[in-house]
Amino acid sequence: MSDIAERVKKIVVEHLGVDAEKVTDSANFIDDLGADSLDTVELVMAFEEEFSVEIPDDAAETIVTVGDAIKFLEKNVAA
Amino acid sequence: MFELKGRKALVTGATGGIGGAIARALHARGAEVALSGTRREALEKLAGELGERVHVVPANLADTAEVEALVPAAEQALGGLDVLVNNAGITRDNLFMRMKDEEWDAVIAVNLTSAFRLSRAAVKGMMRRRFGRIVGIGSIVGATGNPGQGNYAAAKAGLVGMTKALAAEVASRGITVNCVAPGFIETPMTDALNDKQRESILGNVPAGRLGTGEEVAAAVVYLASDEAAYVTGQTLHVNGGMAMF
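Line by line, the protein sequences are chains A and B. Here the first sequence is numbered in the UniProt record's numbering, starting from 1 and rising by one per residue. Here the second sequence is numbered in the UniProt record's numbering, starting from 1 and rising by one per residue.
To be clear, the hints were calculated from the coordinates, so they are not data collected in a lab. Check the hints yourself; a few may be wrong.
Claimed, not checked - The following label-pair restraints were derived from C-beta to C-beta distances: (1) A:Gly34 <-> B:Asp191: 36 to 42 Å; (2) B:Arg130 <-> A:Asp19: 35 to 41 Å; (3) B:Ala229 <-> A:Gly34: 31 to 37 Å; (4) A:Val77 <-> B:Pro147: 32 to 38 Å; (5) B:Thr64 <-> A:Gly34: 54 to 60 Å; (6) B:Thr64 <-> A:Asn28: 54 to 60 Å; (7) B:Ala168 <-> A:Glu6: 50 to 56 Å; (8) A:Ser52 <-> B:Ala165: 27 to 33 Å; (9) B:Gly80 <-> A:Asp36: 38 to 44 Å; (10) B:Gly48 <-> A:Val77: 43 to 49 Å; (11) B:Pro72 <-> A:Asn28: 32 to 38 Å; (12) B:Gly79 <-> A:Asp36: 25 to 31 Å.
All C-beta atoms in this analysis are idealised placements derived from N, C-alpha and C, irrespective of residue type, glycine included.
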């Protein structure tokens with residue numbers, strides 16, 4: 001697992017208070033992890049802070065699973 | 001009760017009669033206060049009176065770029081933002097049939113749209129900190145209407161609706177969003193009334209007098225306090241009984 005993936009999953013576990021084993025790449029924040037729409041906004045804010053990156057609203061809307069977040073950040077975070 | 005020690009507050013329109021009273025009251029309860037308004041000198045004067053725990057962050061809320069810059073400036077000066085008081089307001093009264101688009105637009109922009117933009121900016125940090133108080137200063141006119149004030153009444157009623165929607169969204173994050181709706185208050189705005197106007201207004205006020213800025217400010221202090229944590233989406237009318245809801 002990449003460093004980014006690990007950090008993303010840690011944030012999700014902490015923020016949503018879910019078990020780590022549930023936080024798989026295909027887990028949907030809302031359907032699988034019990035997030036509400038405000039949680040998803042907060043998660044995006046947390047990712048922005050953790051990775052010092054800006055996630056524009058139109059990109060944020062495409063991030064619906066844990067894997068989506070990891071993919072976006074792997075592409076947009078300077079190594 | 002109602003201590004605000006350590007709380008960081010931004011008040012817009014702080015040079016006005018009501019805004020100044022709000023800034024003083026929050027400061028007196030221990031808050032660190034950022035004063036905003038268009039007139040830097042008047043803000044500096046008030047800041048000088050208050051002494052410590054005060055910052056001056058001028059902004060013209062008719063200017064979108066200045067609106068966008070205000071919350072970041074206040075957060076930087078204060079080191080965070082716990083309490084936002086959307087108090088700034090203007091009037092451009094005219095009979096409805098004569099009201100110009102510019103008069104409508106100016107009042108909506110300053111009284112409603114700036115409150116939306118400032119609240120949007122402020123709520124982000126409040127969500128992160130799991131605490132926030134947003135208080136909009138509405139008006140009796142937003143609930144009852146008033147001839148010559150179609151634009152002002154629309155903006156103030158809009159503020160109430162916006163307050164309820166935002167309150168519902170962020171309540172689970174420890175943030176409350178409320179309005180205080182003053183009736184007729186002694187300010188430079190009401191000083192301009194002539195005796196006949198004054199008399200006719202007082203005929204509709206069971207308390208038999210105009211209110212004071214301090215009485216409006218006390219309602220803001222309450223809504224900003226920890227004790228008001230379970231009060232959200234409400235409008236607190238401070239009007240001497242002029243209208244009861």
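How the hints compare with the structure:
1. Taking the beta carbon of each, Gly34 of chain A and Asp191 of chain B are about 56 Å apart, not inside 36 to 42 Å as hinted.
2. In this structure the supplied range 35 to 41 Å is violated for Arg130 of chain B paired with Asp19 of chain A, their Cβ-Cβ distance being about 23 Å.
3. Against the hinted window of 31 to 37 Å, the Cβ-Cβ separation of Ala229 of chain B and Gly34 of chain A comes to about 25 Å, which falls outside the hint.
4. One distance hint, 32 to 38 Å for the beta-carbon pair Val77 of chain A and Pro147 of chain B, is violated here, with the actual separation near 58 Å.
5. For Thr64 of chain B and Gly34 of chain A, the hinted distance range of 54 to 60 Å is not satisfied, since their beta carbons lie about 38 Å from each other.
6. Restraint check, Thr64 of chain B to Asn28 of chain A: a C-beta distance of roughly 37 Å breaks the suggested window 54 to 60 Å.
7. Taking 50 to 56 Å as the suggested C-beta distance range, the pair Ala168 of chain B and Glu6 of chain A does not conform, at roughly 35 Å.
8. One distance hint, 27 to 33 Å for the beta-carbon pair Ser52 of chain A and Ala165 of chain B, holds here, with the actual separation near 32 Å.
9. The supplied range of 38 to 44 Å is broken by Gly80 of chain B and Asp36 of chain A, whose beta-carbon atoms lie about 25 Å from each other.
10. Taking the beta carbon of each, Gly48 of chain B and Val77 of chain A are about 47 Å apart, inside 43 to 49 Å as hinted.
11. The hinted range of 32 to 38 Å is satisfied by Pro72 of chain B and Asn28 of chain A, whose Cβ atoms lie roughly 33 Å apart.
12. The hinted range of 25 to 31 Å is satisfied by Gly79 of chain B and Asp36 of chain A, whose Cβ atoms lie roughly 30 Å apart.
Checked against the numbered hints given earlier, the structure breaks hints 1, 2, 3, 4, 5, 6, 7, 9 and satisfies all the rest.
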